[in-house]
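Novice: I would like the entire structure built from these sequences, with the hints used as guidance.
If you read the protein sequences in the order shown, they are chains A and B.
Numbering-wise (this note's numbering), the first sequence opens with residue 1 and increments by one.
Numbering-wise (this note's numbering), the second sequence opens with residue 193 and increments by one.
Everything labelled a hint here was simulated from the structure, so no lab data went into it.
Wrong hints could be hidden among the right ones.
Unchecked claim - Straight line, CA to CA, 27 Å or less: simulated DSS-like cross-link-like pairs of lysine-lysine:
| id | chain 1 | residue 1 | chain 2 | residue 2 |
| --- | --- | --- | --- | --- |
| 1 | A | K155 | B | K239 |
| 2 | B | K323 | B | K239 |
| 3 | B | K323 | A | K155 |
| 4 | B | K326 | A | K9 |
Stated by the list, open to error - Short, incomplete list of chain A residues facing chain B, as computed with Cβ under 10 Å:
| id | residue |
| --- | --- |
| 5 | K9 |
| 6 | A41 |
| 7 | E111 |
| 8 | D113 |
| 9 | I117 |
| 10 | Y151 |
Note that the coordinates shown come from a computational prediction; the quantities given were computed from them, not determined experimentally.
Ideal Cβ positions, reconstructed from N, Cα and C, are used throughout, including at glycine.
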Amino acid sequence: MTETLTCPKCAATLNDELAAPGAPQPCRSCNRPLEGLIFPAYHRPAASGKTAEALVAAEDAGCFYHPQSRAQAPCDVCGRFLCALCDVELHGRHICPSCVGTKNPKRQMAELDGGRILYGGIAIMLAIVPLLFFWPISIITGPIAIFFSLYGWRKPRSLVRPGSARFIVAIALGLIQVAVWVLAITGVFKSL
Amino acid sequence: MAATPYKKFPGRGRGLMNAATLWDGGDHLLMVEAHLVSESYRRFYYKDIQAIVICQTQTGFITGIVTAMLGLIMGASAFFTPTVLSYLLGTIAVLFLIIGGLILVQGPTCRCMLRTAVQTQELTSLSHVRKALKVLRQLQPKIEAAQEEPATR
Chain A
1 MTETLTCPKC AATLNDELAA PGAPQPCRSC NRPLEGLIFP AYHRPAASGK
51 TAEALVAAED AGCFYHPQSR AQAPCDVCGR FLCALCDVEL HGRHICPSCV
101 GTKNPKRQMA ELDGGRILYG GIAIMLAIVP LLFFWPISII TGPIAIFFSL
151 YGWRKPRSLV RPGSARFIVA IALGLIQVAV WVLAITGVFK SL
Chain B
193 MAATPYKKFP GRGRGLMNAA TLWDGGDHLL MVEAHLVSES YRRFYYKDIQ
243 AIVICQTQTG FITGIVTAML GLIMGASAFF TPTVLSYLLG TIAVLFLIIG
293 GLILVQGPTC RCMLRTAVQT QELTSLSHVR KALKVLRQLQ PKIEAAQEEP
343 ATR
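Specialist: Structure follows, in structure tokens:
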């Protein structure tokens, strides 16, 4: 355990006691009603880190990053041999620290994603915002909205809302804007 | 495009340009902070969650009362102003009273903190006690199953 449980409001120590959910008790320091749950993980001692095993025989394979340490598994992404220290276990897969850091830009491991760009959101903003504030720039932003929709269609989408609705709406609005501009410009040329 | 494996928990924390939500990822709790054109993710594995603490605050009560008071003041001043302006003030007063009422009806606000061995994270999507308790009731069996023991108090 690295630190004790504290009150979210005044940071006073709670002495590992919390009132049951639905029956709050005042904090001894700030008097704010507190409730919640303490789970078994709170009482468990912190797990000690792994240590790499040294090479004992010449025929033992060494770790790619620590040649003096015995390899225990290959990286499931790049195939490099890994010692216990370098082996990052993720949902049954063995991954080296380098792949965790560098391969994930390709979004091969969704569980490591710290964030995503929402191309659908960009496209829909480009399709709608100019119409609300300064419509003449829709001559530029309409086609750009279509471009972002098509560009982002195959890119990784939101982890929680991966639908296509935003892309479809943005493409439809972009096409309508382009069509209106084409009709307006051809109309002007015809009248000349 | 494959369907998402995540299921949403109640609650949504709103900022000016962002919103925070909580999702059940099977073996972890996913906190999503959505900005205008991007999302950022934080994962809390159920086996690592040590405690969830809910602390009631008076933010909602004070905001609701102040908003309703502003509505009442505007409503009162509407009686002493020329006709056109009184309609405008009256409309704004009604809006303030409705917003103030809605804030008060939502119940007491809170700060909800999730604690693991290496961090204490505020769950900004759980800003009302009622929602926080609802989510806690849904989370409890999942965390207990992951840690293979019931929670203590």
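Novice: Which hint numbers doesn't this structure obey?
Specialist: 1, 3, 10
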